[in-house]
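Work out the full structure, taking the sequences as your base and the hints as a guide.
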Amino acid sequence: MSKLHEECGVFGIFTPEEADVALETYYALFTLQHRGQESAGIVVNQDGLFRSYKDEGLLNGVFTPEILTRLGPGTMAVGHVRYGTTGHDSVTNAQPIVVNHIKGHMALAHNGNLVNAAQLRKELEMKGAIFHMTSDTEVISYMIIRERLQAPSIEQAVNRAMYALKGAYSLVVMSPTKLIAVRDEHGFRPLCYGRREDGAIVVASESCALAAVGAKLVRDLEPGEILVIDSGGIRSIREHCGKAPKTSCIFEYIYFARPDSVIDGVSVHAARVRAGERLAKDYPVEADLVIGVPDSGLDAAIGYSKQSGIPFEMGFVKNKYIARTFIAPTQKMRERNVAIKLNPVVDTVRGKRVVLIDDSIVRGTTSAKIVKLIRDAGAKEIHVRISAPPFMNPCYYGTDIDSKENLIACRMSTDEICRAIGADSLGYLRAECLGELIGTAAGEGYCDACFTERYPTEIPPRGGKSRFEQALSRKDGSK
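With the working numbering, the residue at position 57 of the sequence shown is 44, and numbering never jumps.
Honestly, the hints are just simulated from the structure, not real lab data.
Honestly, I wouldn't trust all of these hints.
Across the chosen pairs, the derived CB separations fall in these ranges [unchecked claim]: (1) Gly59 with Ala231: 18 to 26 Å; (2) Ala198 with Pro163: 25 to 33 Å; (3) Gln137 with Ile327: 25 to 33 Å; (4) Gly252 with Leu136: 35 to 43 Å; (5) Ala198 with Arg337: 33 to 41 Å.
Using 27 Å as the maximum straight-line C-alpha spacing, the simulated DSSO-like pairs for lysine-lysine come out as follows [as the list claims (entries may be wrong)]: (6) Lys90 with Lys153; (7) Lys293 with Lys359; (8) Lys153 with Lys233; (9) Lys305 with Lys230; (10) Lys233 with Lys305; (11) Lys391 with Lys359; (12) Lys307 with Lys268; (13) Lys233 with Lys391; (14) Lys109 with Lys153; (15) Lys90 with Lys114; (16) Lys367 with Lys268; (17) Lys153 with Lys391; (18) Lys356 with Lys391; (19) Lys165 with Lys203; (20) Lys165 with Lys90; (21) Lys153 with Lys230; (22) Lys109 with Lys90; (23) Lys230 with Lys165; (24) Lys153 with Lys165; (25) Lys233 with Lys203; (26) Lys367 with Lys293; (27) Lys153 with Lys114; (28) Lys305 with Lys293; (29) Lys307 with Lys391; (30) Lys305 with Lys356; (31) Lys356 with Lys367; (32) Lys233 with Lys307.
C-beta atoms are modelled at their ideal positions from N, C-alpha and C, and glycine is treated no differently.
Right, dumping it as structure tokens:
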């Protein structure tokens, strides 16, 4: 594994009257672009007719004004931005996927990762299913359509399919007449819905996307909930709710989500500020200023400054026209990206003792380059504080951490990492303090398996990839 992927972003809209839902979905996906930069797609539903477009690349590269015009108006749309954790990086695996079956059409957008995808895929193949993709999203679509052949409605097909799906999945499903939102019974991945004054209903991975289309947050979906939206209004199926402990991904609050989002009633910004406050309590140091690595380190830096009394300053200027270094496709590109993405504010750090706050250390290479930038700018001392615990274990629920070999914390002690990245001191958020971020007891209501190895589900062998995906991973070295 030479890169670490993050999540995908899903969006859906249902309008009472025909509107330019393609353009509105485009706007919403812009606010979710941080969740996926490999590919993007939109499917529009106009009176049961589906029009779709998807391709590799960033949103503004995939969708031109001409393409959005061709997608045309409709009363429903589903959108997706992707970073694949299962499924090779190609337009073939771009989403949403559209399935034509004997009872109609279905569009599906998925965020998450099934832990039993390989097992389900094999069972389906043995019964004659032919797969065109390597992602588990196609497996989910097969399971739903298989149930739809017997179920009285699409929502009941989804309900029945959920008994076979294990792992993380937040789904937006569109039929000719309905928009359906689904969150897995553990609630690993976020999913919420909102309402507009004109009666439109929208669902999204994060609440920040609602504001982009003029909607106000109503609430998050409960773990296990199926939300059905059609011309008759909104109704909920809760047959799967309460069947498993809630274990939402804690790294959503630390890194993935935008700070202006609210997930399960908790402000992402406030959670990161609390992380910084805890770091200041556990790792105090005499320093002249606190700076954060943009973007997700800034909120924690504010918290560290607030708790410690050390002034918070702007230490970096960020180039906003480059993708996030953490998920750049190759190591060489990641290293180059650091130099063009972040520029230190020399007058701020020269001759100063600096507390540098970042959200995580994965491989250590990027952290070393950031520390060097500040050192070369004239900082006297650099004390690194990380608002997450050390990564120690693979993630099977949507974050592409599928081996320990490139996780620096699995190879080095904290002191050794400190020396490797060139810092004067280093402190990580303690795993037992993660609950403080979201206002729960330690280990309650969230998944922290990538830090603690406390997996809430059975884990798949060898990451659970299909044989095709394993071969592609070995070939390109990207997983």
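Violations among the numbered hints: 1, 3, 9, 10, 12, 29, 32
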